[in-house]
Every structure is written in C-alpha cells, then in structure tokens.
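Engineer: Line order of the protein sequences matches chains A and B. Every position in the first sequence, counted from 1, becomes a number in my numbering once 6 is added. Every position in the second sequence, counted from 1, becomes a number in my numbering once 489 is added.
Among the clues, some could well be false.
Straight-line Cα separation of at most 20 Å, EDC-like style, residue types lysine to aspartate or glutamate; simulated pairs [claimed, not checked]: (1) A:K351 - A:D156; (2) B:K700 - A:E47; (3) B:K700 - A:D39; (4) A:K95 - A:E56.
Which chain A residues stay away from chain B? Per the calculated CB distances, all over 12 Å, these [unchecked claim]: (5) G42; (6) Q139; (7) G206; (8) G211; (9) A221; (10) A224; (11) E228; (12) L230; (13) T238; (14) V252; (15) L334; (16) A337; (17) V340.
Quick caveat, the hints were computed from the structure, so don't treat them as lab data. Model, not experiment: these values are computed from the prediction. Glycine included, each C-beta is placed from N, C-alpha and C at the ideal position.
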Amino acid sequence: MMKPNRPVGLIGYGVYIPRYRIAAREIARVWTDGQGGVPVESKSVAGPDEDTITLAIEAARNAVARAGLAPERLGAVWVGSESHPYSVKPSGTIVAEALGATPWVSAADWEFACKAGSEALTAAMGLVGSGMQEYALAIGADTAQGRPGDALEYTASSGAAALIVGPAEEALATIEATVSYVSDTPDFFRRADRPYPVHGNRFTGEPAYFHQIQAAGAALLEGLGRAPGDFTYAVFHQPNAKFPQVAAKRLGFSDAQIAPGMLSPTIGNTYSGAALAGLCATLDVAQPGDTIFMASYGSGAGSDAYALTVTERLLERRARAPLTAAYLRRAVFVDYAIYAKWRGKLLLG
Amino acid sequence: MGRKSVDDALRERTVMTNIYLVGAAATPVAEHFGRSLADLASEAVRGAFAAVPRLAPSHVGALFVANALGDRLAGQGQLGAYLGAAVGLRGVPAARVEAAGASGGVAIQQAAYAIAAGAVEVAVVLGAEKVTDQLDGALEAALALAMDAEAEALHGLTLTAQWAMLMRRYMHEHGYAADAFAPFPVNAHANAARNPQALYRFAISADKYRKAGQIASPLNMLDCSSVADGAACLILASERVARELAQPAVPLVRLAGTAVATDVPALGARPDPLDLVAARASAQIALGRAHLGLGDVHVLELSDPHGIAAALALEAIGYYGRGEAPRHAADGAIAPSGRTPIATAGGYKARGDLAGASGVYQLVELLRQLRGEAGATQVAGAKVALAQSLGGVGSTAATCVLVAES
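With the hints as extra help, turn the sequences into a complete structure.
Structural biologist: See the structure below:
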C-alpha cells in the first residue's frame with residue numbers, strides 16, 4: 007500500500023463527455039441483424055472536430071475551474087490515454103499550452119490501456135506528496151476504437167476526466183492511500199501499426215479484469231483495515247454494464263454504493279477516462295464526510311485502488327463547472343452511417 | 490476343395506476378446522486459462538491411476554491420445570510422445586488419434602483392438618483438449634477441419650451452421666417450431682447442475698430457451714455447446730488383468746462392443762442429410778458385437794452439442810422413428826428416469842464440449858453410472874450403457890457398448 011509523505015487530495019475535478027451517442031442496438035442492427043445481445047444501451051461518440059486532446063482540455067478546464075487555481079501554478083500536466091492523436095509528440099504539451107500552464111511545468115503522456123489515467127493520478131500523488139510540486143493535473147482521456155462488428159465496438163467510446171492533486175489541507179477530497187497491482191496478462195492489446203485492438207474473448211474477464219481488481223481492491227481494504235461497508239460509495243472501471251456490478255459484488259460492495267458512478271450503461275467505456283469519470287460523477291453527489299473507494303483497471307494488466315474522503319470544500323467548488331449529469335443529459339443520437347464517417351471507419355479511395 | 494470367398498471369410502470372423510474398463514478420471518471442464526494441455530492431461534492420468542492402486546504406469550503397453558485440435562491450437566504435434574512423457578508414460582508406445590469429435594471413440598476402439606490382438610494387456614486412452622489459449626477465429630478454423638475443406642470450410646461454413654441447416658430442414662419436414670428442441674438443453678443443464686465437474690452448473694427453463702439470442706438461426710445461444718478445456722483418462726485391460734485388479738463391491742465393467750463407421754463429410758453429398766447413416770451403422774455393429782439389442786441399454790451418452798444432434802442420433806440409432814425424438818424428449822424420455830436417458834453429466838451442451846476428448850469423457854460418465862456412483866443423476870439399475878461420439882456432422886461415428894458384470 008502506498009501513502010505519500012505528506013497528505014494529499016483532490017483540489018479540483020472535471021469531466022467531459024461528447025454530446026453524440028450511438029445506440030448499441032443501432033450497431034447491432036448493422037452487424038447482427040438486431041439479433042445479438044448488447045452490453046450497454048449506448049455509447050458516447052466524439053464529434054468530427056474532437057480528439058483525445060480536445061476532450062482532455064475540456065475536462066481539465068472544468069477541474070481548474072473547480073480548483074480555483076491559476077493554471078500556471080500546475081506543476082505537472084499528465085495525460086493518460088490509449089488514443090493519443092500522435093505516436094510521437096506529447097498530448098501533454100498541447101493540453102498544458104491550452105490551459106495556460108506552460109512553460110514551467112512537467113508535461114507527459116501515459117499509456118496503460120484503460121488505466122493510464124489512474125497511473126497519472128498515482129504519479130501526481132507522489133509528486134505532490136513528496137513536496138516536489140504543490141499541484142499536479144492527472145487526466146484520463148480517450149476516443150477509443152473498436153473494429154467494426156467486433157464486440158468492442160458496442161462499448162469503445164469517448165470521454166475524459168481530469169483530477170488536480172494538491173495538499174490535503176486544500177482538498178475537496180483527501181486520498182488516504184493507493185495500491186497498484188499488475189501482471190503480464192495479455193488480455194487486450196493493439197500493436198503500434200494497427201488501427202484496432204485485439205482482445206482475448208472471455209479471457210478478458212476472469213484472469214484479467216476480475217482478478218486484477220479483486221487483488222488490488224482486497225489489498226487496499228486490508229491495508230487500511232476497512233470493510234466495503236465502511237465506504238459510502240465505490241467506483242470501478244466500467245468496460246460494460248455488467249463487469250463493474252460483478253466486481254463490486256465479489257468485493258462486497260452493493261449496487262447502491264456503485265450507482266452514482268455507473269456511467270457505462272449510457273456512455274460505454276471511456277477507457278482511460280472511465281474510472282476517473284465515475285469518480286467525478288460520484289463527487290457530484292457526495293457530501294462532506296462521505297468515503298469513496300475507487301478501482302481502475304487497465305489491460306495488460308493491472309488495477310489501481312484508492313480510498314478517498316470528501317471534505318467541506320467540495321460543497322463550494324462543485325457548482326463551479328458542469329456536473330456529469332449535464333453532459334449525460336445533452337445526448338444527441340447519430341446513426342451508424344454518421345458514426346462511421348466521423349470515426350474514420352470509411353476508407354476513402 | 491473349393492476356397493472360401495473373401496466375403497465368407499469376413500462373415501466368419503470373430504471379434505474381440507473380453508476387454509474391461511478398470512479405471513477412469515477426468516478434470517473439471519472449464520476455461521482453464523492458467524493451465525496447459527500437458528497439465529490437464531497429467532491430472533487426468535494421475536486420477537485414473539489413483540483409482541487403480543495396484544496398477545503402475547510400467548504396466549501400460551500402449552497410450553492412445555484422443556485430440557482433435559492440438560496441432561492447430563497448441564502448435565504441438567506428436568501428442569503421443571509429448572503427452573506420454575508429460576503424464577509419466579515416457580517410453581510407452583503412443584500415438585495421437587484424430588477423427589474430429591469422434592477422436593475419443595476411435596481412440597478407445599484402437600486401444601481395444603490392441604488388447605484384443607493380444608499385443609498389450611493394459612492400454613491407456615487419454616482425451617485432452619486445450620482451446621482457450623486462442624482467439625475465436627483460430628478456434629473456428631480448427632473446428633472447421635472436421636468438414637470437407639474444399640466443398641465447405643473454404644467457403645466459411647461452420648459445424649454450428651451445418652447443424653442449424655439440419656435443424657431448419659427437420660423443422661420443415663416434421664412440422665416443429667424451434668422451441669420443440671428445448672427439452673434437450675433443459676435436460677442437459679438440469680443434470681449438469683448436479684455435476685461438480687460440469688462447465689455450466691445451472692438449470693435453464695424452456696422459457697429462457699425461447700428468449701435466447703440467435704447464434705445460427707434457428708440455433709440459439711442456449712442450444713449451442715461451448716468448446717472448453719479438459720482431459721479425461723481411461724485405463725483398459727485384458728480380462729486376465731482386470732480380474733486380478735478387481736476390487737470388492739465394485740462391479741467389473743466390460744467394453745462389450747465397439748464400432749466405428751464413416752460417411753462422406755460434405756453434407757451436400759449425402760442423399761438424405763437428416764439420416765445419420767454412420768451413427769446408425771456404428772451403433773448397430775457395436776450392439777451386435779456385444780450381442781445386445783437397443784432395448785437392453787439403460788443409459789446413453791451422445792454427441793449432443795445441439796438438440797438437433799441428439800434428436801438425429803436417437804433416431805439414427807433406432808430408438809425413435811424419424812421426426813419423433815423431440816416429442817419423446819418433451820415427454821421425459823431423455824431424463825435419468827426416462828426410457829433413453831442422455832447427458833446425465835450434462836452432455837456436450839452443459840458439461841462442456843471437449844471436441845476430440847468428448848468420447849473419453851462419455852465413458853468416464855458411463856463408468857460412474859454402471860458402478861452406481863452417479864449420485865443425483867444415477868439411472869436406477871443401469872447395467873448396460875452406450876456411448877456414441879460423432880466427428881463433424883456424423884461423418885465419423887464411434888460407438889462403445891459397456892456392460893456391468895454382476
């Protein structure tokens with residue numbers, strides 16, 4: 007279990023979800039004649055002028071607004087994603103520039119499939135917790151792609167969440183500790199030169215998602231000497247609607263505890279943004295004194311688990327930026343043809 | 490003195506000395522993500538020898554490995570030598586037997602022949618499949634090897650689609666709706682729910698069957714087996730050795746007859762695709778060799794990845810007239826208490842489809858039945874059992890008839 011030398015917490019948070027949606031049954035209409043089951047109701051789709059960087063900037067601006075922080079005071083801008091627009095050229099510098107955090111800032115990109123964002127969060131805890139910096143911005147953002155017709159296409163979606171780590175005494179929610187658990191488990195991967203990832207069918211369940219989350223989650227609970235019932239809320243990485251429910255149940259959390267952070271049924275899997283956006287949605291409804299358990303998951307594979315406690319400062323900062331619910335409400339549904347055009351699935355001569 | 494014709498000579502042949510099934514064991518059927526083919530095989534063989542304490546690996550004269558997919562999915566050839574060494578039978582004459590889904594039944598016959606020929610006293614049959622290391626596409630391609638490559642597989646046909654077409658034709662000819670096949674998976678799941686080694690240990694209802702999503706219409710999700718990992722081992726012995734090993738209060742189980750029959754793999758080349766002629770021939774010959782009739786059999790194991798497969802097999806073997814099997818299944822004929830109990834351990838559908846190892850799993854279950862060790866799904870008074878494994882859509886059919894001696 008990892009604890010920083012000086013207590014840290016979140017001083018700001020922000021989420022961004024593109025307005026466009028495609029219904030899972032619309033994808034099923036094209037690929038299975040409407041016969042197949044669907045893992046979610048719908049998923050969010052980045053618009054034609056959006057990418058991981060623009061999503062990251064939107065979420066980060068919301069986090070900065072909540073923190074009430076001058077952007078140049080950020081000591082780090084770290085962007086976790088598996089869909090960085092450039093293979094070589096950091097998203098972090100563009101985001102930092104757009105925020106006004108440059109030039110005296112650490113900027114970099116992180117990659118760990120769906121938990122790149124939480125890796126950035128753990129590093130931010132270290133940077134601030136060691137005293138090297140006062141504030142660090144950790145972002146999880148993705149415009150994830152699934153091969154047309156593949157099971158992943160129903161869930162691979164777009165969204166971002168940004169968390170600003172700072173000293174605990176300024177935090178809207180303190181982070182007591184974190185655990186990171188990884189193993190070489192090739193459940194899902196995309197080679198550098200390939201447009202779409204490969205996933206290991208049902209292998210992505212038991213040895214991958216469930217094992218890693220259960221291991222990290224159980225270790226954190228044991229390390230803190232706390233039980234699932236001690237937490238007000240819990241948030242899990244959500245690749246579909248069912249997995250987080252099963253993971254929660256196995257660790258001993260209830261459906262009610264995970265309800266506020268369950269976004270996947272309507273926006274799908276925002277990959278690096280998924281667990282962090284679930285945390286943001288939970289912070290949207292939490293009250294001072296509430297405690298939150300969060301476990302991310304990244305293929306390849308690993309899980310980071312965190313324990314947070316909400317402070318009084320949340321109440322004054324919450325309304326400084328749009329709530330997650332506002333982004334969920336403004337859904338505009340597109341059909342498969344528009345989706346295919348926007349997401350680059352049409353090969354043009 | 491006139492010479493006999495070859496036909497006369499063939500008619501007069503006598504087949505098979507007495508061969509006994511002295512030990513058996515199997516691993517649970519599951520997605521064994523963390524285990525290899527050799528690992529699963531070792532567990533099964535160790536289990537089988539543990540059940541026959543006075544028998545040692547050094548007594549084994551031959552090893553027959555039943556496996557349909559190992560070269561394609563594990564990249565491993567020479568499974569006789571490879572698995573032989575892995576399971577503690579290094580040095581024993583060994584080879585892999587491949588006949589797609591009938592590999593198990595054919596391997597058992599090979600072992601029986603080796604003993605009947607007097608070449609060996611003890612033979613081990615090891616059925617093993619490891620399918621979860623590969624993605625769906627590779628598994629589909631490996632399973633498609635059972636078909637006619639040029640006429641069928643190259644064009645994208647799958648075994649599931651073939652059974653689906655047969656089911657559609659059957660529904661058309663005999664006036665059934667798809668729901669009529671629900672009793673087969675419902676029975677399989679009800680039995681698997683009481684088998685701790687089964688892949689799907691839960692019951693399903695006919696209502697749930699009706700609502701299941703389509704896989705290859707009219708076959709739905711709850712009428713399709715899942716190919717899974719596992720290994721099963723049988724130890725066969727001559728009568729002399731079997732009587733020496735006999736344990737008090739455990740009936741000796743004799744492999745009274747085996748027979749393999751074949752048909753053209755390409756469905757389109759069969760004059761009547763709903764008539765599984767190899768299944769019929771194999772069952773008739775095996776029962777004939779055992780000097781038994783259909784009515785003598787108390788419990789069966791069939792290739793039943795789909796309800797249609799079980800129905801066609803029951804009709805081909807001769808239990809029911811054409812178009813009648815679903816009706817009898819609905820009346821309880823296939824339940825452990827019925828006239829033709831099948832899938833008492835869950836069948837391919839719910840115990841899990843072991844591809845080339847299925848025929849070996851079938852005999853592990855039937856041995857439990859004949860020894861009265863089958864617990865909640867025990868067929869009362871079972872003394873005679875029949876197992877039939879099919880390769881492809883019945884292009885190879887291997888039947889084994891077992892008799893418990895009192």
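Engineer: Looking back at the numbered hints, which does the structure fail to meet, lowest number first?
Structural biologist: 5, 7 and 8
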